[in-house]
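**Q** Spelled out from the first residue to the last, the chains are:
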Amino acid sequence: MSTAADTPVSMPPARSPGVWQLAWRRFRADRVGMVSLVVVLAFFVMIALAALGWIAGDWQAEVGEPYAPPSWLGAPPAQAPAQALPVPQGPPVDLSDVDPLAPRYAEWAERTAQVASHEPPRARTLPLGGDRLGRDVLAKAIKGAQVSILVGVLAAVVATAIGTLLGALGGYFGGKVGDFLEWVYNVFTSIPGILLIFAFAAVLGRGVDTVVWILGLTGWTGVYRQMRAEFIKHAVREYVRAAQAIGAGRWSRMFRHILPNVSHVVLVQLSLLVVGFIKAEVILSYLGLGVPVDQVSWGTMLGEAQNEMLLGHWWQLAAATAFMAVFVTAFSLLTDALRDALDPRLRGLE
Amino acid sequence: MAAYLLRRLWQMIPTLAGVILLVFFLFKGFGGDPAEILAGLAATPEQIAAIRQQLGLDRPLPEQLWIFVRQILTFDWGRSWATNEPVASLFASRLPATLTIMLPLLVLEVTLAIPLALAVAAVRGSLTDRAIVIVTTVAMSISFLVYIIVGQWLFAFKLGWFPVQGWSDSPWTNLVTYAPLPVLLAVAVSLAPQTRLYRSFFLDEIGQDYVRTARAKGLSEPAILLRHVTRNALIPILTNIGAGLPGVFVGSFLIEVFFSIPGLGREVLLAVNRSDYPVIQAVTIYLAVLTMVINLATDLLYKWVDPRVVLK
Numbered sequence: 053m054s055t056a057a058d059t060p061v062s063m064p065p066a067r068s069p070g071v072w073q074l075a076w077r078r079f080r081a082d083r084v085g086m087v088s089l090v091v092v093l094a095f096f097v098m099i100a101l102a103a104l105g106w107i108a109g110d111w112q113a114e115v116g117e118p119y120a121p122p123s124w125l126g127a128p129p130a131q132a133p134a135q136a137l138p139v140p141q142g143p144p145v146d147l148s149d150v151d152p153l154a155p156r157y158a159e160w161a162e163r164t165a166q167v168a169s170h171e172p173p174r175a176r177t178l179p180l181g182g183d184r185l186g187r188d189v190l191a192k193a194i195k196g197a198q199v200s201i202l203v204g205v206l207a208a209v210v211a212t213a214i215g216t217l218l219g220a221l222g223g224y225f226g227g228k229v230g231d232f233l234e235w236v237y238n239v240f241t242s243i244p245g246i247l248l249i250f251a252f253a254a255v256l257g258r259g260v261d262t263v264v265w266i267l268g269l270t271g272w273t274g275v276y277r278q279m280r281a282e283f284i285k286h287a288v289r290e291y292v293r294a295a296q297a298i299g300a301g302r303w304s305r306m307f308r309h310i311l312p313n314v315s316h317v318v319l320v321q322l323s324l325l326v327v328g329f330i331k332a333e334v335i336l337s338y339l340g341l342g343v344p345v346d347q348v349s350w351g352t353m354l355g356e357a358q359n360e361m362l363l364g365h366w367w368q369l370a371a372a373t374a375f376m377a378v379f380v381t382a383f384s385l386l387t388d389a390l391r392d393a394l395d396p397r398l399r400g401l402e
Numbered sequence: 005m006a007a008y009l010l011r012r013l014w015q016m017i018p019t020l021a022g023v024i025l026l027v028f029f030l031f032k033g034f035g036g037d038p039a040e041i042l043a044g045l046a047a048t049p050e051q052i053a054a055i056r057q058q059l060g061l062d063r064p065l066p067e068q069l070w071i072f073v074r075q076i077l078t079f080d081w082g083r084s085w086a087t088n089e090p091v092a093s094l095f096a097s098r099l100p101a102t103l104t105i106m107l108p109l110l111v112l113e114v115t116l117a118i119p120l121a122l123a124v125a126a127v128r129g130s131l132t133d134r135a136i137v138i139v140t141t142v143a144m145s146i147s148f149l150v151y152i153i154v155g156q157w158l159f160a161f162k163l164g165w166f167p168v169q170g171w172s173d174s175p176w177t178n179l180v181t182y183a184p185l186p187v188l189l190a191v192a193v194s195l196a197p198q199t200r201l202y203r204s205f206f207l208d209e210i211g212q213d214y215v216r217t218a219r220a221k222g223l224s225e226p227a228i229l230l231r232h233v234t235r236n237a238l239i240p241i242l243t244n245i246g247a248g249l250p251g252v253f254v255g256s257f258l259i260e261v262f263f264s265i266p267g268l269g270r271e272v273l274l275a276v277n278r279s280d281y282p283v284i285q286a287v288t289i290y291l292a293v294l295t296m297v298i299n300l301a302t303d304l305l306y307k308w309v310d311p312r313v314v315l316k
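Protein sequences, first through last, are from chains A and B.
In our numbering, each residue carries its 1-based index in the first sequence increased by 52.
In our numbering, each residue carries its 1-based index in the second sequence increased by 4.
Some clues are possibly wrong.
Unchecked claim - Here are some, though not all, of the chain A residues that point toward chain B, as calculated from beta-carbon distances under 10 Å:
| hint | residue |
| --- | --- |
| 1 | V210 |
| 2 | W235 |
| 3 | V236 |
| 4 | S242 |
| 5 | L256 |
| 6 | I330 |
| 7 | K331 |
| 8 | W350 |
| 9 | G351 |
| 10 | G355 |
| 11 | W366 |
| 12 | L369 |
| 13 | T373 |
| 14 | L385 |
Unchecked claim - A few chain B residues facing chain A, derived, Cβ under 10 Å:
| hint | residue |
| --- | --- |
| 15 | A21 |
| 16 | L59 |
| 17 | G60 |
| 18 | V150 |
| 19 | I153 |
| 20 | V154 |
| 21 | T243 |
| 22 | P250 |
| 23 | V272 |
| 24 | Q285 |
| 25 | N299 |
If you're looking for bench data, these hints aren't it; they were derived computationally from the structure.
Backbone N, C-alpha and C fix where the C-beta goes; we use that ideal spot for every residue, glycine too.
Given these sequences and hints, build the entire structure.
**A** What follows is the structure in structure tokens.
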């Protein structure tokens, strides 16, 4: 608050930094936060490239031998093909008088010759190894990152949108609307979360978009709680009443005046949900309620890994785990840093 | 007290009604046609019509809702569509396996996490504390699935300390032979987040004025932590345990699926995969009731733990 007296006339009036600018300053000072931001951005660039098909577009191509080991382990010793039956000696027995197919062999051989068949050479080793079909685990992990992160982010957006909208309505209007929404909230929270997910999964079916809807429709309650409290607090503040005095309508007050002032809470809730939903997608996909078999996610990779472990092929498990651990750790640390930067009152409580 | 209890029970009715409406309209509005699911692919239209009439699906919606409510109140859900087993007996036959896993898990979790969290809170701010926070953050970012895959492979397959999986008819064999590996893995996984959470509860209390007073009058640090802080931190810990209790009855479905334990969680998942609606509906509604009852019990427990709490 500077008065006209101590501001030199020649200088333009200094604008006080906004809440986002201040938060960015605090955030930049947080080294852990900055590093995790870089890691998360790198993942987003990677999944953008994967979504465009520039990298890992051919993850379904069977480029290596089944269970090809990672390159740095070296190729496995060549095994002599098992000979179950002894190779017959002597001239082949002529069966043409008893073989009913004999007259057509010549015709088939001719037609086979017309079709060019091309078996590409299969790699003995792959950068991070191969899976049961010889698909590149690195490409799968990248493509899986795209599906898993996309599911997590989209589901979190759905849940946050529902929670924010209902929380805003309940907190701002109170009364009958508020009571009704509290009732809906009580109903949703009285059913154990996993059962609610199962019930939705039973009726909505399978698929990537279905997982997004299931997680979004069942996961909004925490955001609702938080936003309702914020809107109750803000609805009676002076700036909102001032907005009312100059003729701002209800919806304008709720979403143009209050919402920007609580948007930092929304952002933190959103990023908390992303981590939770990525983990949930992994487990749902393993249980067969998530990503279908023609797509790949970290969850389906881990699902395949259970049997591979028994055969000693650990690389798919390691790749999916490493990708997921790096992203989730970075995202969790980023969320902590965001919360510290956006809400300095909370700093040090946890 | 009695008035409080009555009012709380009275307040459960609208919530329960909401749960019933949610489940009813969810399955009615989005689920497939029960008659077609039951009749199978090779059914004639007459068969489907007959099943529809048998289930009351040809009646108006309010009447169907009434049939549904009557099923809930009389505990008469008929038979499972997939196995023809009475739904009511499903609970009785599947719950023991779930509890064999979940009760030891709950007891171990609480008895290990509280002292651990207290110990971490006692050395707050030190290098050990920071290191533990970082390790738990990383440990929590790895999926539960990875821990059980690796745990089963290492302890059961490689080292042979436990059976890989299995279940028997004898509760004792189950408890000492088949339950230990799943229970230990689940405890190991849940210990990190629990410790972190309880640590924050302890830290909240350590900052309070009464702790400073206790220090000022010369109490030793262990006495402060054990006698004063622990008792006060027990309230949020109780809430947390109470919130997790209903989960005990569904079981850790992932563990049950992974280790092929014939519990309730695995049964629900099978029901989801087989579109066995009565089983899913029954489990959902009764567990919602159970959750409400447990929440009430937790609130009553507060009064017992903390005499200052006034039940309104």
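**Q** Take the hints in turn and mark each one as holding or not.
**A** How the hints compare with the structure:
{"no.": "1", "hint": "V210", "verdict": "16 Å, violated"}
{"no.": "2", "hint": "W235", "verdict": "6 Å, holds"}
{"no.": "3", "hint": "V236", "verdict": "7 Å, holds"}
{"no.": "4", "hint": "S242", "verdict": "5 Å, holds"}
{"no.": "5", "hint": "L256", "verdict": "6 Å, holds"}
{"no.": "6", "hint": "I330", "verdict": "9 Å, holds"}
{"no.": "7", "hint": "K331", "verdict": "6 Å, holds"}
{"no.": "8", "hint": "W350", "verdict": "8 Å, holds"}
{"no.": "9", "hint": "G351", "verdict": "8 Å, holds"}
{"no.": "10", "hint": "G355", "verdict": "8 Å, holds"}
{"no.": "11", "hint": "W366", "verdict": "9 Å, holds"}
{"no.": "12", "hint": "L369", "verdict": "6 Å, holds"}
{"no.": "13", "hint": "T373", "verdict": "5 Å, holds"}
{"no.": "14", "hint": "L385", "verdict": "7 Å, holds"}
{"no.": "15", "hint": "A21", "verdict": "9 Å, holds"}
{"no.": "16", "hint": "L59", "verdict": "17 Å, violated"}
{"no.": "17", "hint": "G60", "verdict": "19 Å, violated"}
{"no.": "18", "hint": "V150", "verdict": "5 Å, holds"}
{"no.": "19", "hint": "I153", "verdict": "5 Å, holds"}
{"no.": "20", "hint": "V154", "verdict": "7 Å, holds"}
{"no.": "21", "hint": "T243", "verdict": "13 Å, violated"}
{"no.": "22", "hint": "P250", "verdict": "5 Å, holds"}
{"no.": "23", "hint": "V272", "verdict": "6 Å, holds"}
{"no.": "24", "hint": "Q285", "verdict": "8 Å, holds"}
{"no.": "25", "hint": "N299", "verdict": "8 Å, holds"}
Of the numbered hints listed earlier, those contradicted by the structure are 1, 16, 17 and 21.
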